[in-house]
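The opening position of the sequence shown corresponds to residue 1 in the numbering used here, with each subsequent residue numbered one higher.
What the hints contain is simulated information worked out from the structure, not anything from laboratory work. Hints are supplied without guarantee of correctness; some may be wrong.
[What the hints assert, rightly or not] Straight-line Cα separation of at most 25 angstroms, PhoX-like style, residue types lysine-lysine; simulated pairs: (1) Lys-130 - Lys-34; (2) Lys-77 - Lys-130; (3) Lys-5 - Lys-130.
[Stated by the list, open to error] Label pairs and their computed distance ranges (CB to CB): (4) Asn-127 - Val-20: 19 to 27 angstroms; (5) Tyr-33 - Tyr-81: 26 to 34 angstroms; (6) His-100 - Lys-5: 40 to 48 angstroms; (7) Ala-103 - Leu-49: 30 to 38 angstroms; (8) Asn-127 - Tyr-33: 32 to 40 angstroms; (9) Phe-102 - Lys-5: 35 to 43 angstroms; (10) Val-20 - Phe-102: 46 to 54 angstroms; (11) Phe-109 - Val-35: 12 to 20 angstroms.
Virtual Cβ for every residue (Gly too), placed ideally from N, Cα, C.
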Amino acid sequence: MQNSKALQNALLTIHISLAVLWFYQGLIPKIIYKVIEEQQFWQFTGIQLLPIPRLIELSGFGEIIFGGLFLIFRQSKLLHYFNIIAMLLFLLVVAIVYPHYFAQGFNPFIMNTAMAALSIVAIQLLNTQKAE
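Start from the sequences, fold in the hints, and give me the full structure.
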């Protein structure tokens, strides 16, 4: 019983952490500040369905919604697999578009690897919880 409560607390901490990180990443650089790197990213993709500022906002809202899913679907391993894949893909994209960021002290490798690791641990905890 005590072990089960510890697993639940650890999972809740992971889910809140991932939700906050996704929420921040969607809100601050994309919706509030619309940082230049986001504009450069959308120019790089060549996607011209909507004006770039609108694409930035939509991607920000998408990230906020994705973060919220961690608070709603707390038993979903699939959500964590999507997170791991997204982190690896974003890491690859940043390596192609902004390789110089990887030389900075706080860089995409740190954030993306940490977020993927949180999901890996969550999957392990969910498997342990299911086995009990």
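Tested hints:
Note on Lys-130 and Lys-34: the hinted pairing is violated, with a Cα-Cα distance of about 42 angstroms set against a maximum of 25 angstroms. Pair hint Lys-77 plus Lys-130 holds up; C-alpha atoms about 11 angstroms apart against a cutoff of 25 angstroms. For the hint pairing Lys-5 with Lys-130, the CA-to-CA distance comes to about 13 angstroms; that is within 25 angstroms, so the pair holds. Checking the proposed 19 to 27 angstroms range against Asn-127 and Val-20 shows it holds: the Cβ atoms sit about 24 angstroms from each other.
A hinted range of 26 to 34 angstroms holds for the C-beta pair Tyr-33 and Tyr-81, which are about 30 angstroms apart. His-100 and Lys-5 have their C-beta atoms about 46 angstroms apart, which keeps the hinted 40 to 48 angstroms range intact. Taken as a hint, the range 30 to 38 angstroms holds for the pair Ala-103 and Leu-49, whose Cβ atoms sit roughly 33 angstroms apart. For Asn-127 and Tyr-33, the Cβ-Cβ distance of about 39 angstroms falls inside the hinted range of 32 to 40 angstroms, so the restraint holds.
Distance hint check for Phe-102 and Lys-5: the Cβ-Cβ separation is about 40 angstroms, which falls inside the suggested range of 35 to 43 angstroms. Checked against the hint of 46 to 54 angstroms, the C-beta distance between Val-20 and Phe-102 comes to roughly 24 angstroms, which is inconsistent with it. A hinted range of 12 to 20 angstroms holds for the C-beta pair Phe-109 and Val-35, which are about 19 angstroms apart.
Hint compliance for this structure: hints 1 and 10 are not met, and every other hint is.
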